[in-house]
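Build the complex: two chains, separate frames, hints provided.
As given, the protein sequences belong to chains E and P, one line each in that order.
Counting along the first sequence from 1, when you hit position 189 you're at 189 in the working numbering, and nothing is skipped either side.
For the working numbering, count along the second sequence from 1 and bump the result up by 359.
For the record, the hints were derived by calculation from the structure and aren't laboratory data.
It cannot be assumed that every hint is accurate.
For each label pair, taking beta carbons as the anchor points, the in silico distance ranges come out as [as the list claims (entries may be wrong)]:
1) E:14 - P:442: 37 to 43 angstroms
2) P:364 - E:10: 31 to 37 angstroms
3) E:179 - P:427: 32 to 38 angstroms
In this text the structure is predicted, and so the values were computed from the model without any measurement.
Just so it is clear, CB atoms sit at the ideal spot from N, CA and C, and this is done for glycine as well.
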Amino acid sequence: MTAPSTQQVLDALGQIKDPDLGRDVVSLGMIKELDVSPQGRVSFTFELTTPACPVRDRFKSQAEDAVGEIPGVTGVDVRMTANVRPAFMRPKPSEILPGVKQTIAVASGKGGVGKSTVAVNLAAALRKSGATVGLLDADIYGPSVPVMTGSQVMPQQVNGRLLPIDAHGMKVMSFGHINPGSEPTIYRGPMVGKAIEAMMVQVDWGRLDYLVIDLPPGTGDASLTLAQAVPLTGVAIVCTPQDVATDIAVKALQMFRKLNVTPLGLIENMSWYVCPSCGHRHDIFSHGGAEAAARRLGVPFLGAIPLEEGIREDADKGTPVVLSRPESAGAKAFVQIASQVAARTSIQSFRQLPVINVH
Amino acid sequence: MDVTWEDGTHSTFTGEQLRWACPCAECRGEAGAPGRLSRVQSLSDAELRIRDVTLVGQYALQIAFESGHATGLYTFSLLRHLMA
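Chain P extracted, bound-state conformation (with noise of 0.2 angstroms):
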């Protein structure tokens, strides 16, 4: 996935990378639980490849993966803190 910031800056980044740093409760856990990603060792292809990208409203994109998980926000300085 190519980004291209209001800065005019690119980044480039990979659905692995991506799928590895979803934000969501799920993945991240919540209320002390651990998250999926924390349990699990390795993510199968369909997880890690990215199916569609959606804007939310000016401060986030939203991922969909081919395997259906979409519920992650990825926010702007999300994004950036993983290029950096």
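Looking at chain E on its own, in the form it has when it is part of the complex (with noise of 0.2 angstroms):
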């Protein structure tokens, strides 16, 4: 039997959709280096848009079945990578945060629902998934993130620029770094846009795969200096299942809205509790709210973190949850959580910003 020709391995290839994207594989450019060797094995790379792709296995699967039921064929050789695009085609690169190919930013509306350990453990995640990582703490009065890293460091100049601390293999950068120890950051407003704006142009990020922004509570300076000065590529909105928490995160959603930014969905924390004496589940702070909130705006539910003691332990220790225990039921909210946003912010790489041409 004589081997299939290289556009029946595309064709069968073909049949395979992204269930985010809504396209075939061989359209999206996900297959590379294809080649099929004269006694019919068939070698070649699925490139994934993300490393922390939530179907990679799946992919695999169907790839091998797709082509090994091609008549002529006596091997199949999947090589799977990945390569993050970046967000929106356009015709130039964005001049604030150049090497940056995705913005992922973090709100709530509402304080204290736990903004912060998911903006650590969602860019831990993605981290630990194989891709380079940013992570700009842009709370300016209240930065959690120098304790949450454990890098409690002074960052270093270099030509006039600061360079990023590292922590656990992620870039990292804060207010707090800059300005340590109990002395409070007393600003206005416009002094916060500033110190936001700073931490983007004058720290050196390099190239960056994903650059997670923990933004402060509100829907006020930050918010907006944030959403005015960079295309972010979407916001994950991050909410305790309670009422007075999932209507402050409607507002916050709303705002992204307002400014076209594109929500990648909500993030219910603490949404329950397992009694370690006991073994009883508690639903402290009611439990689902988030969901129905997403469902009411149309939006993704991302996923549901439950309330951990290991994860505020490990959050005070320096080390995120997903990297110190990584079997706990958190980290594995938080790991599927980081598929769930990486699959939404290559939904965004395929879209154009608008082109502008004055004459």
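Laid out in structure tokens, this is it:
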């Protein structure tokens, strides 16, 4: 039997659809370095749009099955790789953060719902999947990222620019690095905007697949500055299940909608608690509020994270729980949510920003 | 100024049209006080000529005119409304 043509292989692979992008993987340019040997051995590279792809394993077996069924194929060799694509197709790279492919904001509207914990673990989970990741703490008044990442050191300055601090393989920058200790930052609104801009422009972020931005609570200066300074890939909204939190989360989401920033979805934190002594599950802050709000607003629900002592303990010790206790329910939830966020983010790579010409 | 939107449609705006539609507080007025555009009858050439346009995040354009006026952020929905 003769070996199949490359076109036959591409036709077979063209049957595989990306569930998030809604198109087949061949026209999306995910199949690379295709080779068919005269003996019928097929080998190719399957390039995902994110290393945190939630359907990575499914794609691999679908590809092996589809190609394996072609008459004349004696073996299939699939190499799975990932290459994060920049958000938005645009004529020239952004002047702010030119080396950053995707910017993901984490916001909540309401304070105290675990935004920073989610941002830190989201970043750590993306890093763990193999992506290059930065974490920008945009909370000027209450920076918590230095403690949560164990990176309480002063950043170094090179050629007038600050170098982000390396923490668990991530590049981290917070106002808590610049103004450490117990001295408060006493700033009026416009100064907050300037400080956030400086952390984007005056920090040498280099090349990153993802920059996760931990926003302070509120729908004012910090969020507005950020949404004006860079075309954000999207925003993930964190809330706890009870009404008083979801109501404010909805406000935050609607603010970003007004600014044309894509809501990646809602995350429910402190969703349940399993008592270590009786093993009983308690819904301390109620349960399912975020999922119901997401449904009401027509945005994806990204997942729920349990209330676990380990998450808090390890955050205080400076290691995100996805790294310190990868087998815990909390860590698994974070990893799954990071995959969902990465998948939603990939969709933005195929969008075109408006092109403006003045003449 | 030509704009190609995300959905592929094109729009063309003149500097004059955009200057008179400036949404900033000085031009529109604020706190009940009328803005500059409701008080003047005409604008000079330098006020109507576009010098530069920058994208604001992904929801608006900041348009700078030769006169130096650049405080208006034209949201995409405002621009779409203007072309209709």
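Taking the hints in turn, this is what the structure says about them:
no. : hint                              : in the structure
1   : E:14 - P:442: 37 to 43 angstroms  : holds (39 angstroms)
2   : P:364 - E:10: 31 to 37 angstroms  : holds (33 angstroms)
3   : E:179 - P:427: 32 to 38 angstroms : holds (36 angstroms)
Violated hints are absent here; each numbered hint is respected by the structure.
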